[in-house]
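Between the sequences and the hints, there should be enough to build the whole structure, so can you do that?
2 protein chains.
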Amino acid sequence: MDSVRRMAERSREASYRLQEVPIELRNRALTAIAEALIDRKKDIVAANERDLLVAVKTGLAESLVMRLRYDSDSIEGSVKSVESLIRMEDPIGKMLSRTELDRDLVLERVSCPIGVIAVIFESRPDALVQISTLCLKSANAVILKGGSEAERTNKALASAIRDSILSVDKRFENVVQLLSTREEIRRLLALTDLVDLVIPRGSNELVMSIKESTSIPVLGHAAGVCHIYVDKDADLDMALEVSLDAKCQYPAVCNAMETLLVHRDIAGEILPRIAKVYEEAGVELRGDSITRNYIRAKPATSKDWCTEYNDLILSIKVVSSLDDAIDHINKHGSHHTDAIITGNEESAESFMKRVDSSSVLRNCSTRFADGYRYGLGAEIGISTNKTHARGPVGLEGLVIYKYRLSGKGHIVSDYVGRNAKRFTHRKLT
Amino acid sequence: MDSVRRMAERSREASYRLQEVPIELRNRALTAIAEALIDRKKDIVAANERDLLVAVKTGLAESLVMRLRYDSDSIEGSVKSVESLIRMEDPIGKMLSRTELDRDLVLERVSCPIGVIAVIFESRPDALVQISTLCLKSANAVILKGGSEAERTNKALASAIRDSILSVDKRFENVVQLLSTREEIRRLLALTDLVDLVIPRGSNELVMSIKESTSIPVLGHAAGVCHIYVDKDADLDMALEVSLDAKCQYPAVCNAMETLLVHRDIAGEILPRIAKVYEEAGVELRGDSITRNYIRAKPATSKDWCTEYNDLILSIKVVSSLDDAIDHINKHGSHHTDAIITGNEESAESFMKRVDSSSVLRNCSTRFADGYRYGLGAEIGISTNKTHARGPVGLEGLVIYKYRLSGKGHIVSDYVGRNAKRFTHRKLT
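Protein chains in written order, with the working numbering: chain A, 1 to 429; chain B, 1001 to 1429.
Calculated directly from the structure, the hints in this document are not laboratory data. Possibly wrong hints are sitting among the right ones.
Claimed, not checked - These stretches of chain A come out as covered by chain B in the derived footprint (C-beta under 8 Å, 3 or more residues):
| # | stretch |
| --- | --- |
| 1 | 257-270 |
| 2 | 363-375 |
| 3 | 395-403 |
Unchecked claim - 25 Å max Cα-Cα, derived SDA-like pairs, lysine to any residue:
| # | chain 1 | residue 1 | chain 2 | residue 2 |
| --- | --- | --- | --- | --- |
| 4 | B | Lys1353 | A | His425 |
| 5 | B | Lys1303 | A | Asp193 |
| 6 | B | Lys1421 | A | Gly371 |
| 7 | A | Lys421 | B | Val1253 |
Only a predicted model underlies this, so the values are computations on that prediction, with no experimental measurement involved. Note that beta-carbon positions come from the ideal geometry of N, C-alpha and C, so glycine has one too.
Structure (structure tokens):
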């Protein structure tokens, strides 16, 4: 049989064993992981240094080399995040609702793990620790595939995790497995009967290519074309400061602003000030024709409105109303994160209701849209999906529910036809 | 431009308009639909009679002709279900959680509509009313495609719905649209940017073929291979009665039992009794070799364990333990609905925890797994997905959430580096 199918079957079996592993044991396994990361610090850092050496030799882009680095500080960061995960409450076995259908016939809706999760991530080795531990906490089995440039680091991390959880309980066997080639991913994505959810973490190209090549549900975000709309009732100093933060605080990430929309009534006042600030920050500006009446900017093409630069480039458009701004965002944005700067309560409310994005913000920076800042604990990713989980996704994205119905010999025949018994459908607490 | 894309764009625009339509107006539109169904009863029934006539002429199978019938009683049933939907609380705008991230920086998680839903259903015209009204209540736009054999009925129903909601408010334009050909569905399923969720209601073949032909999320159930496991600690009279109900009360549906598992310790006692009851009910039995030591049955092949008969056929297997039963169900079942009959609390609990199905039952019939019986109100379908919505799905399957963050000029730069401000992450009520 195919080795990838065999691996996925082992994962499925592991996920079934996990259903009965109590939270105390799952937390003990997490503690063992934190300890193993510290114990094996030397080996892990050495493996990472070899990856870095190869990366530099093969001329990997500097930004990617930076993301690849996993040093002593990174290990400490990972350990801290595992420790905070241990403190979080068990997401499994929560009673979500309870209904009496009839006397002695009680329906419960209870949270449970999803099952087998496949995670494909690029560079950044701390993602491996974060994802494995989130899956473990939520009693899911996980199959991981990292970027080839981090191969040695990922292997060192995965074996630290595997060995430490196995030393706690042998039921943790195969709970975390590592794939090594792209060809194996391709085969994994065909296993609709064995893999329940795929989470790609990386470039838009990665996410798109995975969405197109599998009929397994995919949790991810396609792109981050985020907007700030500066309303006519905005505090302009605030608009300036928030816009600068949203573009420049960390331009390479999905929640950085890519397009600034400005109401025409204030364009003459704010645009020159904005241009000055961005010029000092080294941001290239691209504007529509009205914008270019006020400031120097390259002409923006229609492509610019849909582009995620992930760089110090900003497109600017002057709009004639709140409606125009909302239309532009819903049409050209990526439904990720969009903000309005305004002092007008009604405009803010309308914007937040009508903009169809996973995060809608008023009077603050788009850069806040993130699992850590939102207080979700660790983040498995940001989703622009409209089903299951949306926006920054923490533990709750790895959880689903099942219905449990307990009776005393109840049959449906008694509830149909003449003299049918009636359901009570009484909510219980 | 492609006419289907244009239709989907109109649907998207309608979904944006719906975001601001308050529940009072949505409920008034539902009332208008109920009234229109009564007002146009004659036309609708006449259209259905023409469909029936054609169906009989073209030799449609009798069971399908029965499902196609939509008479005066059916209209009354639809009206009742609309009325009960009106009484349900608004699923939109619910505050799901509220967190203070820092002073004057408040994060809210609020329920909102998914957006544009495509529904493909076979026969049974009442599905059109049910689905349109569920979408309307939850402020989603819907594109419907019914079976060609019900074309006239569906057109009559769709225009009753469209006309009545438009008379209430012109913002309801294009909220309900109807496709007419298969080729149009094919084109619709390619519009990943415009359609948020696809719900197929019909045969497994329909669901499977749609899952394979789109990368839009699909809500549906692949198959209903449901089991009852009669444990050694079962009350045998109860086992007999529940098993008969699960198989025979309505064998053509997905939550009917297809395989009966019997613990070997009681096989000798219960199997002859079961065989007798099923024989009287006209059920064909297929058994494994041990079963056939006790009763007359055709030999069951490995294919039988994975087959949804939807008919008066039952496969029977003798298992040697609870673990064996759970393994069999997880391996051969369809993760839909499975039941245990037992007086042993521990065995029941283990079964319900470890069987990986959307509904797990003890001491009652699998036929209870249904939105109406579960008290969800109307049902948009039963899902064997492991994400978003599972089991019988009501209104809540048409809802997602967005994050709303309100600040007073907050920027992320203040929360990084030296002297970083700290998040409070305080839960608010």
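So, going through the hints one by one against the coordinates:
For the stretch 257-270 of chain A, the stated coverage by chain B is not satisfied: 0 residues place a CB nearer than 8 Å to a CB of that chain, which falls below the threshold of 3. For a cut-off of 8 Å, the count of residues in the stretch 363-375 of chain A with a CB near a CB of chain B stands at 9, and the three-residue condition holds. Taking a C-beta to C-beta cut-off of 8 Å, the stretch 395-403 of chain A contributes 4 residues in contact with chain B, enough for the three needed, and the coverage statement holds. Of the pairs offered as hints, the one joining Lys1353/B and His425/A holds, with about 24 Å between alpha carbons and a cut-off of 25 Å not exceeded.
Of the pairs offered as hints, the one joining Lys1303/B and Asp193/A holds, with about 17 Å between alpha carbons and a cut-off of 25 Å not exceeded. Under the criterion of a C-alpha separation no larger than 25 Å, the hint pairing Lys1421/B with Gly371/A is consistent with the structure, at around 17 Å. A C-alpha spacing of about 21 Å is found between Lys421/A and Val1253/B, which places the hinted pair at or below 25 Å, so the restraint holds.
In summary, the one numbered hint that this structure violates is 1.
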